[in-house]
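Visitor: If you count the sequence shown from 1, position 19 lands on 19 in our numbering, and the numbers rise without skipping.
These are calculated hints, taken from the structure and not from any lab test. There's no promise every hint is true.
[What the hints assert, rightly or not] Computed cross-link-like contacts, DMTMM-like style, restricted to lysine to aspartate or glutamate with a CA-CA straight-line distance of at most 25 angstroms:
no.	residue 1	residue 2
1	K118	E56
2	K191	E122
3	K160	E56
4	K179	E122
5	K9	E122
6	K148	E98
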Amino acid sequence: MDVNPLWLKAFILLVLAAYLGFLIRNRENFNVGSNMLLSAISFSFALSLGLSLIRENGMDMSYAGLIFSSLTFGWIGGIAGSFGIAVAAYSMGANLQEVVLCLVLCSSASAVAGGLAKRGPEFSTLLVGSVLAGITILGGSYAYLMIKGATDILAILAPKTVSIVTGVVLGTGTAFYVKKLEDWPEPIERKK
1 MDVNPLWLKA FILLVLAAYL GFLIRNRENF NVGSNMLLSA ISFSFALSLG LSLIRENGMD
61 MSYAGLIFSS LTFGWIGGIA GSFGIAVAAY SMGANLQEVV LCLVLCSSAS AVAGGLAKRG
121 PEFSTLLVGS VLAGITILGG SYAYLMIKGA TDILAILAPK TVSIVTGVVL GTGTAFYVKK
181 LEDWPEPIER KK
């Protein structure tokens, strides 16, 4: 299943251009100001990138940053966090197929978690969103490894499973706490 690396790089640039184009085109139509939007995107990217670089014995804390960003800033912050994780994976030497898979799965997971976070700040709602986001990432990784022909898929996914469960616990707990703060805004979304 070899794909031309140039096509994969073009796909990543296309997704980045579409995301930035959406943000720029709709910058006046969000429920927060432009300064808050830029701060949320920058924070989400930097948090996920920074936590991705902290790896020990297969434990990757980037999922905590992704889930936190998705639950607190909505899918817009989560996708910025997805780019942070993808940049970290690329800088750590992952092949381009894995970087694209990471970007697609983390973006999908952030859309799921961010979409459910809009429904309310209750802990149960946030927990369901983060668990479904984790299932999205693990299910996609499992399918990719099956298609690739890996023999011991469960052993390969064990460190990622532990990382995602830890990310769900830490990300959901932190998001629940900051959503209780007095001046914390709702998840970012377009005005209707």
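Visitor: Does each hint hold? Answer for all of them.
Guide: Quick rundown of the hints versus the structure:
no.: 1; hint: K118 <-> E56; verdict: violated (33 angstroms)
no.: 2; hint: K191 <-> E122; verdict: holds (22 angstroms)
no.: 3; hint: K160 <-> E56; verdict: holds (12 angstroms)
no.: 4; hint: K179 <-> E122; verdict: holds (9 angstroms)
no.: 5; hint: K9 <-> E122; verdict: violated (39 angstroms)
no.: 6; hint: K148 <-> E98; verdict: holds (11 angstroms)
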